[in-house]
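Protein sequence lines, in the order shown, are assigned to chains G and C.
Taking the working numbering, I'd label the letters of the first sequence as residues 4 to 243.
Taking the working numbering, I'd label the letters of the second sequence as residues 4 to 243.
Do not take every clue at face value.
It does not matter which identical chain is used: a pair holds within one copy or between any two.
Unchecked claim - No farther apart than 30 Å at their CA atoms in a straight line, the calculated lysine-lysine pairs in the DSBU-like style are these: (1) K222 - K186; (2) K211 - K222; (3) K71 - K222; (4) K202 - K71.
Simulated from the structure, these hints should not be mistaken for lab results.
Quick caveat, the model's predicted, so the values are computed rather than measured.
2 protein chains.
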Amino acid sequence: MTYCVGLRLNQGLVFMSDTRTNAGVDNFSTTRKQFSWEVEGERVITIMTAGNLATTQSLISLLEERSKHAVDRNPSILSEPTMFQVARLVGATLREVIAYSNDTGVDRFRASVIVGGQIRGGEPTIFMVYPEGNFIEVTDETPFFQIGETKYGKPILVRGYDPEMTFTDTVKLLLVSFDSTVKSNLSVGLPFDILCYRKDSFDIEVRKRVELNDPVYRKIAEGWSKALRESFLSLPDYDL
Amino acid sequence: MTYCVGLRLNQGLVFMSDTRTNAGVDNFSTTRKQFSWEVEGERVITIMTAGNLATTQSLISLLEERSKHAVDRNPSILSEPTMFQVARLVGATLREVIAYSNDTGVDRFRASVIVGGQIRGGEPTIFMVYPEGNFIEVTDETPFFQIGETKYGKPILVRGYDPEMTFTDTVKLLLVSFDSTVKSNLSVGLPFDILCYRKDSFDIEVRKRVELNDPVYRKIAEGWSKALRESFLSLPDYDL
Numbered sequence: 004m005t006y007c008v009g010l011r012l013n014q015g016l017v018f019m020s021d022t023r024t025n026a027g028v029d030n031f032s033t034t035r036k037q038f039s040w041e042v043e044g045e046r047v048i049t050i051m052t053a054g055n056l057a058t059t060q061s062l063i064s065l066l067e068e069r070s071k072h073a074v075d076r077n078p079s080i081l082s083e084p085t086m087f088q089v090a091r092l093v094g095a096t097l098r099e100v101i102a103y104s105n106d107t108g109v110d111r112f113r114a115s116v117i118v119g120g121q122i123r124g125g126e127p128t129i130f131m132v133y134p135e136g137n138f139i140e141v142t143d144e145t146p147f148f149q150i151g152e153t154k155y156g157k158p159i160l161v162r163g164y165d166p167e168m169t170f171t172d173t174v175k176l177l178l179v180s181f182d183s184t185v186k187s188n189l190s191v192g193l194p195f196d197i198l199c200y201r202k203d204s205f206d207i208e209v210r211k212r213v214e215l216n217d218p219v220y221r222k223i224a225e226g227w228s229k230a231l232r233e234s235f236l237s238l239p240d241y242d243l
Numbered sequence: 004m005t006y007c008v009g010l011r012l013n014q015g016l017v018f019m020s021d022t023r024t025n026a027g028v029d030n031f032s033t034t035r036k037q038f039s040w041e042v043e044g045e046r047v048i049t050i051m052t053a054g055n056l057a058t059t060q061s062l063i064s065l066l067e068e069r070s071k072h073a074v075d076r077n078p079s080i081l082s083e084p085t086m087f088q089v090a091r092l093v094g095a096t097l098r099e100v101i102a103y104s105n106d107t108g109v110d111r112f113r114a115s116v117i118v119g120g121q122i123r124g125g126e127p128t129i130f131m132v133y134p135e136g137n138f139i140e141v142t143d144e145t146p147f148f149q150i151g152e153t154k155y156g157k158p159i160l161v162r163g164y165d166p167e168m169t170f171t172d173t174v175k176l177l178l179v180s181f182d183s184t185v186k187s188n189l190s191v192g193l194p195f196d197i198l199c200y201r202k203d204s205f206d207i208e209v210r211k212r213v214e215l216n217d218p219v220y221r222k223i224a225e226g227w228s229k230a231l232r233e234s235f236l237s238l239p240d241y242d243l
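Let's have the full structure, built from the sequences with the hints guiding it.
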């Protein structure tokens with residue numbers, strides 16, 4: 004499985020993804036699931052993928068036009084005029100890749116995608132793209148999307164999210180959400196990839212990989228367990 | 004859906020279940036999913052069910068021998084010599100009910116069951132029974148079982164559980180776990196049913212229903228949101 008979250012704040016966008024892929028418990032490895040394209044001063048686009056690895060790799064390769072010689076490539080993702088058009092391009096490409104595999108009669112090469120970013124002239128935004136190629140966009144009521152193994156990490160996001168948050172607090176919140184998922188599900192694992200994009204900067208502000216032995220991550224994970232227990236003990240008793 | 008947890012402590016057993024049943028969002032209602040049998044001084048047995056309502060109701064009716072006239076009933080669940088035998092009885096009955104419905108060619112009348120309790124001569128214990136009729140038992144490493152919509156509420160259980168806990172703290176922990184689930188998933192809802200059984204008492208110590216407007220539950224739910232935010236802010240920053 005996978006766990007990815009894309010989150011819209013007043014000050015920009017934050018994306019986090021894990022890197023574990025597996026086909027059974029004895030066949031797992033580390034794969035990047037976060038990809039970005041940048042035209043400095045004009046656009047920043049980030050894609051995160053969950054689902055069948057052959058499908059998601061094929062999607063990214065097609066978006067990068069790897070079917071052509073390197074010199075002939077001119078990815079449409081770099082020229083689409085709006086984020087809405089980018090989402091349509093991603094949706095159409097994803098649907099095409101899945102249709103090709105499903106032609107074999109096997110209906111399991113599905114994938115979901117989060118695509119977000121900003122193109123000059125528009126606002127920063129995030130879309131969730133379904134295997135069928137259609138998509139939904141973040142709103143004030145639904146300011147983040149999750150794909151993959153989403154349930155374990157949702158309660159803390161629902162409670163902790165605030166559109167006014169800084170990047171630092173948001174990353175902390177996401178680390179807690181990812182840590183809750185990792186602790187409950189073997190198919191999600193470190194390292195995590197983080198990308199922060201500040202509104203109207205048209206430039207990636209933060210790109211970081213959190214490794215398994217990262218001391219701050221470990222402190223956050225342990226601190227969270229401890230803080231949870233303390234919070235919990237501070238709650239009123241339910242009279243039995 | 005449903006959410007039920009059965010948890011073994013050093014001092015006994017605690018069971019909690021929600022009561023929402025639904026067949027689509029415009030067809031939902033409140034149904035008890037927790038059932039118990041008691042022979043004072045000799046045995047206490049509790050069952051919680053998740054899955055197709057026709058299946059689970061039929062299971063409970065058969066266990067209570069409602070196919071017979073009231074005067075002729077002599078439920079085997081009251082005479083099985085060990086909890087292991089009780090689990091076998093529940094598994095065999097569940098499997099039979101599912102097989103009957105599935106004979107129609109429809110394979111969706113599945114259900115899962117948690118059954119726990121103590122019979123004089125044995126230790127208190129809990130089993131999780133699968134639709135196929137087989138089952139697993141709690142161990143020191145796996146001291147609780149969840150059925151239904153289990154993922155949202157798992158991280159806090161994993162972090163908060165301690166075999167030395169009191170009933171009061173355990174119920175508080177479960178209320179937080181249930182509240183996390185209710186906040187993330189429409190198919191789980193109040194009221195909640197709670198049952199606490201103290202080891203070697205052969206008597207139900209606590210049986211309670213937590214209603215939606217219960218003031219202590221509301222305080223715990225709100226206090227938890229607040230405490231989470233505070234805990235979260237107390238964590239070290241991840242340097243970006």
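Run through the hints listed earlier and report the numbers of any the structure violates, in increasing order. Result: hints 3, 4 break, sorted rising.
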